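Chain by chain, the residues:
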Amino acid sequence: MTAALQVEKLNRSFGALAVTRDVDLTLERGARHALIGPNGAGKTTLVNLITGVLRPQSGRVLLNGDDITQTSQAARARRGLARTFQINQLFRGLTVLENLTMTIGERDGECNNLWRAAGAKPSIIEEALDHLESLRLVDDALRLVRELPYGRQRLVEIAIALAQKPRVLLLDEPAAGVPSSESHLILDVVAALDPDIAVLIIEHDMDVVFRFAKEITVLVQGAVFTHGTPQQIMADEQVRAVYLGEEGHKVAGAAHG
Amino acid sequence: MAVSDIQTAAPARDASTTAARIRAADFVVKRHYLRWWEALPWLLIIAAYFVFPDRLTFGTQVLIGIMFALSLDLILGYAGIVTLGHALFFGIGAYTVALLTARWNWGEPISAMLLAIVLSAAAGLVSGWFLLRYRGLTLLMLTLAAAILVQEAGNYRSDITGGYDGVPGMEIWKLFGVFENDLYGRTYYVYVGVLLFIVWYIVRRIVYSPYGAALTGIRENVRRMHAIGSPVHKRLVTAYTLAAGLAGMAGALFAQSTAYTTLGVFDFDNSAKVMVMLILGGTGRLYGAFIGAAVYLVLEDNLSKLSPTFWQFGIGLLLVLTVLFARRGLLGLLEDAIKLFRRGGNA
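Chains A and B, in that order, give the protein sequences. Residue numbers 1 to 257, in our numbering, belong to the letters of the first sequence in order. Residue numbers 1 to 347, in our numbering, belong to the letters of the second sequence in order.
If you are wondering where the hints come from, they were derived from the structure by calculation, not from laboratory data. Every value quoted in this text rests on a predicted model; they were computed, and no experiment measured them. Take these hints with a grain of salt, some might be off.
Straight-line Cα separation of at most 30 Å, DSS-like style, residue types lysine-lysine; simulated pairs [said to hold, decoys possible]:
(1) Lys30(B) to Lys174(B)
(2) Lys165(A) to Lys30(B)
(3) Lys165(A) to Lys214(A)
(4) Lys339(B) to Lys30(B)
(5) Lys305(B) to Lys121(A)
(6) Lys234(B) to Lys121(A)
(7) Lys9(A) to Lys165(A)
(8) Lys234(B) to Lys165(A)
(9) Lys121(A) to Lys165(A)
(10) Lys214(A) to Lys9(A)
Work out the full structure, taking the sequences as your base and the hints as a guide.
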C-alpha cells in the first residue's frame, strides 16, 4: 500500500547550520506518529519542509505516492496535507465561523466566486458549524477570534485543519500554551480524529505521546536518532540519555500511570 | 469523515446548541443584506444636487474622489495590500482619455472611459503580477517606483503627453451625443453619480462574496491562507487588477469632467492623498471611502480658501488626530459612538 506521507533523505541547512539531515519518515494511512526531540532538534523545520513553507536542498517528499517536493504550499494543502501551527495562525479579526467557512470555501474552490454572497451556500455554513460543534465551539461562532481565550483559539486552529478534510494532518504542539485544565479537551479531540487520517504530532508532553502514538520518531540535531513503537522508545537507554533524561519524571509518571 | 465520526459519538444535540447554530447561520446568511443606513450616502449625494446647484463641479470631484478611494479600499482595506502607487492607474485612465482626444480626435466619453478601464486594469495585472510577490515596505517602495517610472516616461516624451503643462487641445464630446457638460457641471455630476453607484454595487458584491472573504483572510493572516491552500498570489493579482480598473475609471472621469490632464495625475501626492482619504474615513468598511473623500475634499476646499499658503496644516492636523484617537477612521469613531449610545440606552 502507498504510504500517506513519505519523506526520503531530506536535507536542509541555513548557512553552515544543518537543521535537517538525511531525514526519512513514513506515515501509513491512518498512522498515529509522534515526532519528539529536544528543543532545537528541527521538528518544526521538518514540518515546514513537509508542508512546503521551506524547500529542502535535497531529498523528496511524497504525498500518497506523488512527489510534491517542488509543489507549492497551497497546492500541497489542496492535495490533502493540513497542519496546525505551534503558535496560532488564525484570522483574528474575523468571527470563528468565518474562519471555518472561508477554509471550506477555499477547499471547494468556492472562493473563486466574486459575485455570489458568501452566505449563499447553506451546505458550507452547516459543515462549518458541524466542525465547530464537534469542538464545542458553536457558542463562540459569532465571536471574533481575537476575543477568545487562548485555549479556545487553539481549538479553532485545529478546527481549521479539520475543515480542510486532510488525509495527512501535522499537529505542531497542539496543546502548547494551553492551561492544563483545558488541554485535555484538545487531546480528546486529537484522540478522536478520523482513523483514516494519517497524523503526525509534535509534542513535548510524554503522557500525550505515549497515550496517542503508535509510532515514535526521535529527532536529535536535525537527524533521526531512532524510531520505533512507544515501548521500544521507552526502553531505549540512549533515548533516555539524550532526550528523555530531562523529562524523565514525566516518563516515569506515564509508565506508572 | 472526521465530522460525522465525532458527531455519532455525541448524537444528541441540545436545544441551546441548536439555537446557537441557527443564530450563527442566520448571521452569515444575512451578512450581505442591505441596511437602511446604506441609503444615506446616496440620499446625501442626491440632496447635494439640489442644495448646492452652483457647486456641482466641485461635487463631481468629490464623487470621483470617492470612486478612487473605493478602488483603493478593495486592495488596501480588504486585501491588506499597502500601496503608494495607486495614482499610476488613475493617471493611465486620465491619459487614455486625454490622448484619445488630443492625438486621435476621439472624444466620445463612454467608449474612452471603457478603454481607460481596460488599459489601467491591464497595467494592474502586469505590474501586480510582478510586484505582489512582495509585501510591506518593499511593496510600498515598488508601487511608488512604478508610478514614478511611468511619470518620468511621460515626461521624457512630453511632445506626446504635454508634460506638466497638460495635454493640449482636449475636446470631450457630448454624453450620448446629447448632453453637453454645462457651466455648472450638472451633467457630469449626475453621470459620475450614476457610475459611482454602479462601482459601489460591484465593489459591494465583491467584498461580500466568498472571494472577498478570502481577501480579508489574506489581510488577516497570509501564512494561514497558504496553509489552507489558497492561491494567494492569484487572489491578490485579481484584486489589484480590479482596483486598477476602477481607479482608471475614476481617472478617466476626472479627465473628462475637467477636460484637463497633466503629468501631475501620477504624482506621489495623488497616491498619498487617496490613501489619506481612506484612512481618514476608515479602511475595509466600504463607506470609509465615502466619508473620507468627502471630508478631505471639503476641508481642502474650505481651508485653501481660508489660507492659501497654510491649508495643508489643517489636513495634517486632522490626519494626526485620526491616527492618534480614531485608528479605525471617522467611520470607526461613528461605530464606537453608536455602540456607546446603544449601551447607554439599554442601561
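Restraint status (C-alpha distance of Lys30(B) to Lys174(B) at most 30 Å): 42 Å, violated
Satisfaction of hint between Lys30(B) and Lys339(B), Cα-Cα up to 30 Å: Given that 30 Å is the threshold and the Cα spacing comes to 20 Å, the pair holds.
Satisfaction of hint between Lys214(A) and Lys165(A), Cα-Cα up to 30 Å: 22 Å, holds
Satisfaction of hint between Lys30(B) and Lys165(A), Cα-Cα up to 30 Å: 27 Å, holds
Straight-line alpha-carbon gap Lys214(A) to Lys9(A), limit 30 Å: 23 Å, holds
Given pair status - Lys165(A), Lys9(A), alpha carbons within 30 Å: Since the Cα atoms of Lys9(A) and Lys165(A) sit roughly 28 Å apart, the hinted pair holds (cutoff 30 Å).
Proposed proximity, Lys121(A) with Lys305(B) (alpha carbon, max 30 Å): Answer violated: Lys305(B) to Lys121(A) is near 53 Å, above 30 Å.
Given hint Lys165(A) paired with Lys121(A) - CA-CA distance at most 30 Å: Between Lys121(A) and Lys165(A) the Cα gap is close to 18 Å, so the pair holds against 30 Å.
Holds or violated: Lys234(B) to Lys165(A), with C-alpha atoms at most 30 Å apart: Distance of about 23 Å is within 30 Å: holds.
Pair hint outcome, Lys234(B) versus Lys121(A) [Cα-Cα no greater than 30 Å]: Judged against 30 Å, a Cα distance of about 23 Å means the pair holds.
When held up to the earlier numbered hints, the structure conflicts with 1, 5 and fits the remainder.
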